[in-house]
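Visitor: If you want the building blocks of each chain, they are given just below.
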Amino acid sequence: MFDHDTLVWVSKSFGLFYLIALSLIVVAYAYWPSNRKTFDRAARAILIDEDKPWE
Amino acid sequence: MFGLHYRLETKAMGLVLAIIGVSSIGGLVEIAPLFTIHQTVEEAPGMRLYTPLEIAGRNIYMREGCYACHSQMIRTLRDEVERYGPYSLAVESKYDHPMLWGSKRTGPDLARIGGKYSDEWHVRHLNNPRDVVPESIMPAYDFLSRTELRKDDLGEHLAALRKVGVPYTDEMIANASSDAYGQAAPDTPYAEGVVKRYGAATNVASFDGKSGELTEMDALVAYLQIVGRLTDAAYKPVASAE
Amino acid sequence: MIGQLTRNERQGALLILIALAILGLAMAAVGRDDPLGGQGALVMVAALAGLFGVISRYYAPEPGPDRVSRYYDEPSKVGIIIAMGWVVFGLFIGDWVAWLLVDPNLTFHAAWSSFGRIRPVHTTSVIFGFGGNALIATSFYVMQRTSRARLPDQLSPLFVLFGYNLFCVLAVAGYMMGITQSKEYAEPEWYADIWLVVVWITYFVIYLRTLARRKEKHIYVANWYYLAFILVVAVLHIVNNLAVPVSFGHARSYSLFSGVQDAMTEWWYGHNAVAFFLTSGFLGMLYYYLPKVAGRPIFSYRMSIINFWGITFFYMWAGSHHLHYTALPQWVQTLGMTFSLMLLVPSWASAGNALLTLNGAWHKVRDDATLRFMMVAAVFYGLATFEGSFMAIRPVNSLSHYTDWTIGHVHAGALGWVAMITFGSIYASVPWLWKRDGMFSPRLVEVHFWLAVAGTVIYVMAMWNSGIVQGLMWRTYNDSGTLAYSFVDSVVAMHPYYIARAIGGLMFLLGSLVGCYNIWLTIRTAPQVAGRTASEFPDAAPIGAPVLQPGE
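Residue numbers (the numbering used here), protein chains in the order written: chain R, 4 to 58; chain D, 49 to 290; chain C, 1047 to 1598.
It should be emphasised that the hints constitute simulated quantities derived from the structure, not laboratory data.
Among the hints, erroneous ones may be present.
[To be verified] Straight-line Cα separation of at most 27 Å, DSS-like style, residue types lysine-lysine; simulated pairs:
(1) K1261/C - K1481/C
(2) K40/R - K1261/C
(3) K1123/C - K1481/C
(4) K59/D - K164/D
(5) K1123/C - K55/R
(6) K258/D - K244/D
(7) K164/D - K258/D
(8) K199/D - K211/D
(9) K1261/C - K59/D
(10) K199/D - K258/D
(11) K1123/C - K40/R
(12) K1123/C - K1261/C
(13) K15/R - K1410/C
(14) K164/D - K284/D
(15) K55/R - K40/R
(16) K1410/C - K1481/C
(17) K40/R - K59/D
(18) K1410/C - K59/D
(19) K284/D - K55/R
(20) K164/D - K211/D
(21) K40/R - K1263/C
(22) K1410/C - K1123/C
(23) K1263/C - K55/R
Between the sequences and the hints, there should be enough to build the whole structure, so can you do that?
Guide: Quick look at the structure:
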């Protein structure tokens, strides 16, 4: 199957690139301008207390 | 009731897939290479197998939760090596399903306990630890001496272990129950069978000092006496933890 | 409870319970020579008790079609009561275990009560019994409110709740009977593990079905955390528990993994159980109940999203810090240590986000012990995650590992973070769920709060001291270059700390008893209120009003 050294090499290099790529995607999503309204709304929406489902 | 007739819209499923994807990477990267580790770790030729009695004892060790207070993993630190003995190697626990490395030392490490004390010491200690170590806070396991060991199903235990990779032979599985009896009954024909199947170094002894009935005490002491002694790889100077 | 089920659902419940009773009978029959038989009998008794409950209310009037205009809160109510039962039981056993280390004769020479058997009873009862039920109860509550949608049906949430508790009871009873696979925090054997998978998949499906019915377009971040908890715990549970049973008539199984692979799998599981059970799930709780009780939106919603992915990603790498200096390859140890250090960033950002949310509500924190429980939880979360990252550093770990320091760290997290956020959320939920004005006695909430804080501080301080003393004694050399202390010297030195720890634990137990009493009084005697309105949250700005986010 796989050679142990290859597997270790993939683990060590791939892990790093993956980490950087993921951080970029997450930060981009969180700070994407058009998402701002959604997030503000979501943060406040839970404070409205009607206690029944919306129709 | 479990029907997925609702349209699972893409957003929720996207979130699910993202969580699985993101979270699984770390585990894959760290665990996957360990399954090829045998290519780099030194083999231990001539490594012994646990006998049926020792397997039964190991199961009692697990049942009583001994691992909650006793580790079986000597780290590569000077004080640990001086206190307990040569540090533990990966190969030493390759037949341990599951491993019993432990995570806490309320009591001392047991990785090199095998052969350190006599059978009689272990029996007295397990019956009431404070008889031999007055300051000990270990519970008394006197009920083990009074409990007969179940041995009719040991063949099934060995067969299950073979399924997960421990190389027991058909002969070992077929004779498991009588081998368990024989190991604690020196001077009987059954004892010869154990030695024949598991090697001359097998501990054959009347562990709890009483002949006749095979007790859980016999099994646990037999196990404690083999811990760390399946192979002598750790005592060889070239052994490396890396 | 049964009265809220439709006729079809009552029939469904009967079918499930009959099937379960037959399964229990089969287990009792094939496992009659093994402890499995006892577990089968337990399953059968539980199923018969359930059958009796359903049949006795079978002809009760069905709920009307107007039920869909209300949230379905029965499972949350029952879940909270069960959680409080588990916490009292689990803490009682925990304190008994603590006294066993003071006087080992307190086992009374029985097999079932020895340290090694009842320690997992304690850990399973508090983590899975208390924590799990609290998560199930609050997640049902939160997912409905944040989705503005009712649970998809009435039966499956009850199946999840009672099925999960059957798993917990099987586990705890099993340990005392001597059934364990000895994997820490995953001790239950194969049949209980399979049952949990069935329950868990149902739980997951309920979550997805409720989300699919949601009326809010955006999925509120608390649900992300709950969802990660459900999903990742499923993956961890299945992989770590892969095993071959001795036979269908045996409770015992043998793990598929051995040695170093097993150790890495076990601590990959163990550490991520901390991450996704004890952190992710309870952060979900925090992100709903803390803003709600404080009456202020979360300080930075963006930060909660970034932290979510940070925690989800980093934690999975950190498990190997449990295996420093062992036979695990060193690069895996280093990787575990590095990611453990990086984990501090999303962890502290989460704790900071929670505390900053309280900015402007400090008067409420002062006056209301419910909110103070949550504030202290956030503080302990910050403390415990800092300590965790610190202890993951290899040289620190060489001292702390195998000692009571670990026990102290775990309890800073479990008592200080998990239990405090849960008690805060429960004190908030009980009046909402039972439609009361507030808790029966705010003063008793105060009493509980101070008992809990004092108990936690005493416990953690005692274990810091004992752990560090222990670690130092083991590595102290005398002038001639030999080890200065025998192992038993360190055992003797622990005695006063073990007494202090047991007293701290006792205080925490007493606090939770006060909590039970208060909850019971609230449910039994306090008057109904007409209904709550948004005007009770004067600090809440209307939707759409611009709020400055940090980083702008």
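Visitor: Please go over all the hints and tell whether each is borne out by the structure.
Guide: Do the hints match the structure? See the list:
Between K1261/C and K1481/C the alpha-carbon distance is near 24 Å, which keeps this suggested pair within the 27 Å criterion. About 17 Å separates the Cα atoms of K40/R and K1261/C, which keeps this hinted pair within 27 Å; it holds. Of the pairs offered as hints, the one joining K1123/C and K1481/C holds, with about 11 Å between alpha carbons and a cut-off of 27 Å not exceeded. Taken as a hint, the K59/D and K164/D pair is broken in the structure, with Cα atoms around 62 Å apart against an allowance of 27 Å.
Taking the CA atoms of K1123/C and K55/R, the gap is near 16 Å; set against the 27 Å cutoff, the hint holds. Pair hint K258/D plus K244/D holds up; C-alpha atoms about 24 Å apart against a cutoff of 27 Å. About 21 Å separates the Cα atoms of K164/D and K258/D, which keeps this hinted pair within 27 Å; it holds. At most 27 Å may separate the alpha-carbon atoms for a hinted pair to count; K199/D and K211/D meet this at roughly 20 Å.
Distance restraint check for K1261/C and K59/D: the Cα-Cα separation of roughly 13 Å lies within the 27 Å cut-off, and the hinted pair is therefore satisfied. Pair hint K199/D plus K258/D holds up; C-alpha atoms about 17 Å apart against a cutoff of 27 Å. A distance of roughly 34 Å separates the Cα atoms of K1123/C and K40/R; the hinted pair therefore is violated under the 27 Å criterion. For the hint linking K1123/C to K1261/C, the alpha-carbon distance of about 24 Å falls within 27 Å, and the restraint holds.
Under the criterion of a C-alpha separation no larger than 27 Å, the hint pairing K15/R with K1410/C is inconsistent with the structure, at around 49 Å. A threshold of 27 Å between alpha carbons decides the hint, and for K164/D with K284/D the separation of about 19 Å falls inside it, so the pair holds. Among the hinted pairs, K55/R with K40/R is consistent with the structure: their alpha-carbon atoms are about 25 Å apart, no more than 27 Å. Distance restraint check for K1410/C and K1481/C: the Cα-Cα separation of roughly 21 Å lies within the 27 Å cut-off, and the hinted pair is therefore satisfied.
Annotation: proposed proximity of K40/R to K59/D holds, straight-line Cα distance about 18 Å (limit 27 Å). For the hint linking K1410/C to K59/D, the alpha-carbon distance of about 37 Å lies beyond 27 Å, and the restraint is violated. Distance check on the hinted pair: K284/D and K55/R sit about 72 Å apart at the alpha-carbon level, beyond 27 Å; violated. At most 27 Å may separate the alpha-carbon atoms for a hinted pair to count; K164/D and K211/D exceed this at roughly 33 Å.
For the suggested pair K40/R and K1263/C, the alpha carbons sit about 12 Å apart, so the restraint of at most 27 Å is met. The suggested pairing of K1410/C with K1123/C holds, with an alpha-carbon distance near 26 Å, which does not exceed 27 Å. Restraint check: the Cα-Cα separation between K1263/C and K55/R comes to about 17 Å, which is no more than 27 Å; the hinted pair holds.
This entry does not satisfy hints 4, 11, 13, 18, 19, 20, going by the numbered hints stated previously.
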